[in-house]
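Chemist: Under our numbering, think of the first position of the sequence shown as 4, with each following residue one higher.
Everything hinted at is true.
Result set (DSBU-like, lysine-lysine): computed pairs, CA atoms no more than 30 angstroms apart in a straight line: (1) 146 with 130; (2) 199 with 189; (3) 130 with 83; (4) 159 with 146; (5) 83 with 189; (6) 83 with 159; (7) 130 with 159.
Derived DEER-like restraints, expressed as beta-carbon distance ranges: (8) 38 with 216: 39 to 45 angstroms; (9) 6 with 167: 28 to 34 angstroms; (10) 248 with 13: 23 to 29 angstroms; (11) 98 with 175: 23 to 29 angstroms; (12) 110 with 211: 37 to 43 angstroms; (13) 171 with 41: 23 to 29 angstroms; (14) 123 with 32: 27 to 33 angstroms; (15) 26 with 177: 28 to 34 angstroms; (16) 175 with 216: 36 to 42 angstroms.
FYI, nobody ran anything at the bench for these hints, they're computed from the structure.
Backbone N, C-alpha and C define an ideal beta-carbon position, used for all residues, glycine too.
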Amino acid sequence: SLPVLPEPLPELWSFGSGRFDETSGQTTNFVPLPHWTGSEWQGGPQRPDPNIGWVIVNANGGHPGNPNFGAVRRWTAPRKGTVAITGTLQHGSENGDGVRGRVVSSRTGVAGEWQAFHNSTATNVAKVEVEAGDTIDFITDCKVDENSDTFSWPVKLTVQSESGDARTFDSVAEFHGPVSVDDYAKLPAEIHTAWKFILLRDPNPDELQAATEFAARQLAAMHENPAGVPSGLSTSRQVLVNVCQALLNSNEFLYVD
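Build out the structure end to end from the sequences listed, making use of the hints.
Modeler: Now the structure itself:
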């Protein structure tokens, strides 16, 4: 049987509403924001949304809703490591009562809490340990009153792996709208088609096994280093490109008896 391919990684960044639970020290009721305006995520076509109110998440920050609906920017760890966070929470208006920002790890709970009212404050966190798949939420709530609570909160996360290499993630540069869901299940059939197109024959079972094992290793490597996937290509598409390049460099393709 063909090797089992890994599951696609979740998106590094997701954008939603949610609430910080004082008892558990965790984010509760996280729901991805469903409506994309072209530059912002929000609860629906109307603003405020009739269900969750003023919750908005954009590249630089956004706006919370009432105390039950904070604005949440969620980062999902692609690998195990130690995360250092830098950022600045800024609230510009003289009106209202300001905003509160929390950094909440799904593994260890609250890593930091700050408030801003007509000012800005650094939101640096020296160290958060993560495993692949852990989430770190940047939750901004209205405190009591959501009036005049537009805020900015750009953050950067630097992940140091056990091997010592580091990668930085940028909430502003990596903000995005809707993305298509990658589907690895199609890869074996796509590899078979590519083989037939390039080498003008079907792969035998051993060859398809070897090619699929190669694809599985490629997927694992790209999960470890997502920066290796060019902009505009899905992970599975890049793996298929690599398989095709390997076939094009094979002796069978290059040399004719």
